[in-house]
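So the chains spell out like this:
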Amino acid sequence: EAGVAQSPRYKIIEKRQSVAFWCNPISGHATLYWYQQILGQGPKLLIQFQNNGVVDDSQLPKDRFSAERLKGVDSTLKIQPAKLEDSAVYLCASSGQGTYGYTFGSGTRLTVV
Amino acid sequence: DQQVKQNSPSLSVQEGRISILNCDYTNSMFDYFLWYKKYPAEGPTFLISISSIKDKNEDGRFTVFLNKSAKHLSLHIVPSQPGDSAVYFCAASLYNQGGKLIFGQGTELSVKP
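Chains as they are written, first to last, in this note's numbering: chain A, 34 to 146; chain B, 253 to 365.
The hints are simulated quantities; they were obtained by calculation from the structure and are not laboratory data. Just to be clear, a hint being listed does not mean it is correct.
Stated by the list, open to error - Simulated crosslink set (SDA-like; lysine to any residue; CA at most 25 Å straight-line):
| # | chain 1 | residue 1 | chain 2 | residue 2 |
| --- | --- | --- | --- | --- |
| 1 | B | Lys-352 | A | Val-146 |
| 2 | B | Lys-320 | A | Lys-95 |
| 3 | B | Lys-289 | A | Lys-95 |
| 4 | B | Lys-320 | B | Ala-293 |
| 5 | A | Lys-44 | B | Thr-297 |
| 6 | B | Lys-257 | A | Asp-119 |
| 7 | A | Lys-95 | B | Leu-318 |
| 8 | B | Lys-289 | A | Arg-97 |
| 9 | A | Lys-77 | B | Met-281 |
| 10 | A | Lys-77 | A | Pro-41 |
| 11 | A | Lys-77 | B | Ala-293 |
| 12 | A | Lys-77 | B | Ser-260 |
| 13 | B | Lys-306 | B | Ala-293 |
| 14 | B | Lys-306 | B | Pro-334 |
| 15 | A | Lys-44 | B | Gln-333 |
| 16 | A | Lys-77 | B | Glu-360 |
| 17 | B | Lys-323 | B | Ile-302 |
| 18 | B | Lys-352 | A | Arg-49 |
| 19 | A | Lys-77 | B | Pro-334 |
| 20 | B | Lys-352 | A | Arg-97 |
| 21 | B | Lys-289 | A | Pro-114 |
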């Protein structure tokens, strides 16, 4: 089966600019996650979708981050405006019904300068 | 609030020897534990898991041990191979939180020929 697709792979922006990331999960996976991984740390959950509804966004900085999942399939994560501390790898993952563990995409490496 | 901790940022072992990666957790309600492996510029990939009702799970060269009383788990790789060189993340899940995974900081394993 095809894996989780993410784009772009790399992005460099200046602080205060905006940026968007795209994710296409594994076909049929109802649950989609966005994680932020800062260098030297483990991935941290930003938001979790079940189909097109939000399950958990408690750690999403809502003043600058937003996410949506269109029709319960693809998802976009946006940052506006970006700060230097947003430099990280943004990982998208998906999981099937009733399963533990996810399949991750390759991530988008964001550098804010 | 670091609920899952990997206190060793790096580990170096000789090819053919045993690699032991450790992980500690604080929440006794975690019901499932997973290990992920991550190569540079790739997303984490699932390696092995263990339910909280078990104390050992084995898959080929990989064995995970769980000590619930000590809130500690470990991943054993025997024999270690150069291709095992990667960052290993421990993760824990609370089933009633919809499959959300909480990750440790990771341990970078280097297996030298």
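Status of each hint after checking the structure:
1. Lys-352(B) - Val-146(A): The given pair, whose Cα atoms are some 31 Å apart, is violated under the 25 Å limit.
2. Lys-320(B) - Lys-95(A): violated (36 Å)
3. Lys-289(B) - Lys-95(A): violated (30 Å)
4. Lys-320(B) - Ala-293(B): violated (34 Å)
5. Lys-44(A) - Thr-297(B): Given pair Lys-44(A), Thr-297(B) holds - Cα atoms ~23 Å apart, limit 25 Å.
6. Lys-257(B) - Asp-119(A): holds (23 Å)
7. Lys-95(A) - Leu-318(B): With Cα atoms ~37 Å apart, Lys-95(A) and Leu-318(B) exceed 25 Å; violated.
8. Lys-289(B) - Arg-97(A): Not satisfied, since the Cα-Cα distance of roughly 31 Å exceeds 25 Å.
9. Lys-77(A) - Met-281(B): At roughly 19 Å apart (the allowed maximum being 25 Å), Met-281(B) and Lys-77(A) satisfy the hint.
10. Lys-77(A) - Pro-41(A): holds (20 Å)
11. Lys-77(A) - Ala-293(B): Since the Cα atoms of Lys-77(A) and Ala-293(B) sit roughly 17 Å apart, the hinted pair holds (cutoff 25 Å).
12. Lys-77(A) - Ser-260(B): holds (19 Å)
13. Lys-306(B) - Ala-293(B): Since the Cα atoms of Lys-306(B) and Ala-293(B) sit roughly 33 Å apart, the hinted pair is violated (cutoff 25 Å).
14. Lys-306(B) - Pro-334(B): The given pair, whose Cα atoms are some 30 Å apart, is violated under the 25 Å limit.
15. Lys-44(A) - Gln-333(B): violated (34 Å)
16. Lys-77(A) - Glu-360(B): With a Cα-Cα distance of about 18 Å, the restraint between Lys-77(A) and Glu-360(B) holds, given a limit of 25 Å.
17. Lys-323(B) - Ile-302(B): holds (13 Å)
18. Lys-352(B) - Arg-49(A): Judged against 25 Å, a Cα distance of about 31 Å means the pair is violated.
19. Lys-77(A) - Pro-334(B): Not satisfied, since the Cα-Cα distance of roughly 28 Å exceeds 25 Å.
20. Lys-352(B) - Arg-97(A): holds (23 Å)
21. Lys-289(B) - Pro-114(A): Status violated; Cα separation ~32 Å.
In the structure shown, a violation is registered for the earlier hints numbered 1, 2, 3, 4, 7, 8, 13, 14, 15, 18, 19, 21, in ascending order.
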